Amino acid sequence: MRAIRDDGDRAAFAALFAHFAPRVKAFLIKGGAEPAVAEDCAQDVLVTVWRKAAMYDPSRASVATWIFTIARNRRIDIARKERRPEPEDLGWGPEAEPEADDVLELQQESEKLGRAMAALPEKQRRLIEQAYFGDLSHREIADATGLPLGTIKSRIRLALDRLRHAMGS
Amino acid sequence: MGIKHHLTESLLMGYAAGTLPEAFSLVVATHVSMCDDCRARLEALESLGGAVLEAQGMEAAGISAMEAGALDAVLARLDATPEPRLARAASGTLPGPLRDYVGGDVEAVRWRPVGMGVKQAILPTSKSASARLLYIPAGAAMPDHGHRGMELTLVLQGAFTDEDDRFGPGDVEVADEELNHTPVADIGEDCICLAATDAPLRFNAWLPRLAQPFFKI
Numbered sequence: 000m001r002a003i004r005d006d007g008d009r010a011a012f013a014a015l016f017a018h019f020a021p022r023v024k025a026f027l028i029k030g031g032a033e034p035a036v037a038e039d040c041a042q043d044v045l046v047t048v049w050r051k052a053a054m055y056d057p058s059r060a061s062v063a064t065w066i067f068t069i070a071r072n073r074r075i076d077i078a079r080k081e082r083r084p085e086p087e088d089l090g091w092g093p094e095a096e097p098e099a100d101d102v103l104e105l106q107q108e109s110e111k112l113g114r115a116m117a118a119l120p121e122k123q124r125r126l127i128e129q130a131y132f133g134d135l136s137h138r139e140i141a142d143a144t145g146l147p148l149g150t151i152k153s154r155i156r157l158a159l160d161r162l163r164h165a166m167g168s
Numbered sequence: 000m001g002i003k004h005h006l007t008e009s010l011l012m013g014y015a016a017g018t019l020p021e022a023f024s025l026v027v028a029t030h031v032s033m034c035d036d037c038r039a040r041l042e043a044l045e046s047l048g049g050a051v052l053e054a055q056g057m058e059a060a061g062i063s064a065m066e067a068g069a070l071d072a073v074l075a076r077l078d079a080t081p082e083p084r085l086a087r088a089a090s091g092t093l094p095g096p097l098r099d100y101v102g103g104d105v106e107a108v109r110w111r112p113v114g115m116g117v118k119q120a121i122l123p124t125s126k127s128a129s130a131r132l133l134y135i136p137a138g139a140a141m142p143d144h145g146h147r148g149m150e151l152t153l154v155l156q157g158a159f160t161d162e163d164d165r166f167g168p169g170d171v172e173v174a175d176e177e178l179n180h181t182p183v184a185d186i187g188e189d190c191i192c193l194a195a196t197d198a199p200l201r202f203n204a205w206l207p208r209l210a211q212p213f214f215k216i
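From first to last, the protein sequence lines stand for chains A and B. When the letters of the first sequence are read in order and numbered with numbering that gives the first Met the number 0, they come out as residues 0 to 168. When the letters of the second sequence are read in order and numbered with numbering that gives the first Met the number 0, they come out as residues 0 to 216.
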């Protein structure tokens, strides 16, 4: 992502595309999109990844997480034709960068979370997937996912504190 | 004085998954703009979405291969370099997501009087739920009202107290069908709230009730 953001590196982008475009397409199809629509959307999502590369904060999200949020927003756009209110942006400005240690630890936590999800009983994993594919209403979503989200939340909270400090507030 | 009343896990997860009605999403986005604890909770729930996306590679290779030429088509659409980071918007009384819906800060709100000094401004969201800004003069009460659906009330300025607790800036009250309450604004300052409900719109039924005596103080 850094090569894309800083150097406009198209080879790095092609590698990212090969990994994520089919995943985004599968994600949208499982959420009920027609394959042709999902193909177009996946292409749009990857164009947005390039355009918005400077918005990505690796101390608070894995690349997969960041791309998930772009794909989710595109789905809302297409399927519901609604606006998506977003929280105020808190990204790192040109004046500061997140600490390398924070980035590394966040990426490790993200991998741990992926492994924990893969290890869940089939039925429970399906339910989480359904929620994120957009198949469950907010009234159907159960409070507990059964996953240890507390550790990744603490990492993100720490990164937010450092970001607030860098912003001088 | 920190925020004491936060969003529920299922509201945050619904927002992370992108399934909340727009009016509720506006309350979540506004609260998260004011509350770093809930921002961290939200981003942790979004990382679950990232894990779901990442896992799509293992099973779905068959149905989801991109069409031939997709990469070239996308490369042709890219600008020479990604966009530079924009400077952050200056802060005001209303957090950023609300300013987008109001079209400016608090002075741009088009208030309509609803009686006894209370004013409201309905915000343009999709019909699945409704959102409005409420202006309650210091010391005044809102009508005693029950809920047919879920109602979220987020304090932006001032504070109110109801049968349950006191709610200050950034606090959000999540009320369901069971709650019957009479919010009363604190004496010190006029209270501005963002309220959203997924009950059917009943403004015709609701407005006349404001004419009823509703000062219970």
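Be careful, since some hints might not be right.
Derived lysine-lysine pairs resembling BS3-like cross-links, with alpha carbons at most 27 Å apart [said to hold, decoys possible]:
1) K152(A) - K51(A)
2) K111(A) - K122(A)
3) K80(A) - K3(B)
4) K111(A) - K152(A)
5) K152(A) - K3(B)
6) K51(A) - K80(A)
Chain B stretches covered by chain A per the calculated footprint, using a threshold of three residues with CB under 8 Å from any CB of chain A [unchecked claim]:
7) 27-33
8) 65-72
9) 102-115
10) 165-178
Derived from the structure by calculation, the hints contain no laboratory data. Please read these numbers as outputs of a predicted model, since none were measured by experiment. Every residue, glycine too, gets a C-beta built ideally from N, C-alpha and C.
Consistency of the hints with the structure:
1. For the hint pairing K152(A) with K51(A), the CA-to-CA distance comes to about 24 Å; that is within 27 Å, so the pair holds.
2. This hinted pair checks out: K111(A) and K122(A) have alpha carbons roughly 20 Å apart, not beyond 27 Å.
3. Of the supplied pair hints, the one linking K80(A) and K3(B) is violated, its CA atoms being roughly 34 Å apart against a limit of 27 Å.
4. Only pairs whose Cα atoms come within 27 Å are accepted, and K111(A) paired with K152(A) is accepted, the gap being roughly 13 Å.
5. Using a Cα cut-off of 27 Å, the hinted pair K152(A) and K3(B) holds, with the two alpha carbons roughly 18 Å apart.
6. At roughly 22 Å between alpha-carbon atoms, K51(A) and K80(A) fall within 27 Å of each other, so this suggested pair holds.
7. Interface restraint, the region 27-33 of chain B with chain A: holds (5 residues with C-beta to C-beta distance below 8 Å; minimum three).
8. A stretch counts as covered by a chain when three or more of its residues have a beta carbon under 8 Å from one of that chain; for the region 65-72 of chain B and chain A the count is 5, and the coverage holds.
9. Counting residues of the region 102-115 of chain B whose beta carbon lies closer than 8 Å to any beta carbon of chain A gives 0, which falls below the threshold of three, so the coverage claim is violated.
10. Beta-carbon proximity to chain A at under 8 Å applies to 0 residues in the region 165-178 of chain B; the threshold of 3 is not reached and the given coverage is violated.
Violated hints, listed in ascending order, are 3, 9 and 10; each of the other numbered hints is respected by the structure.
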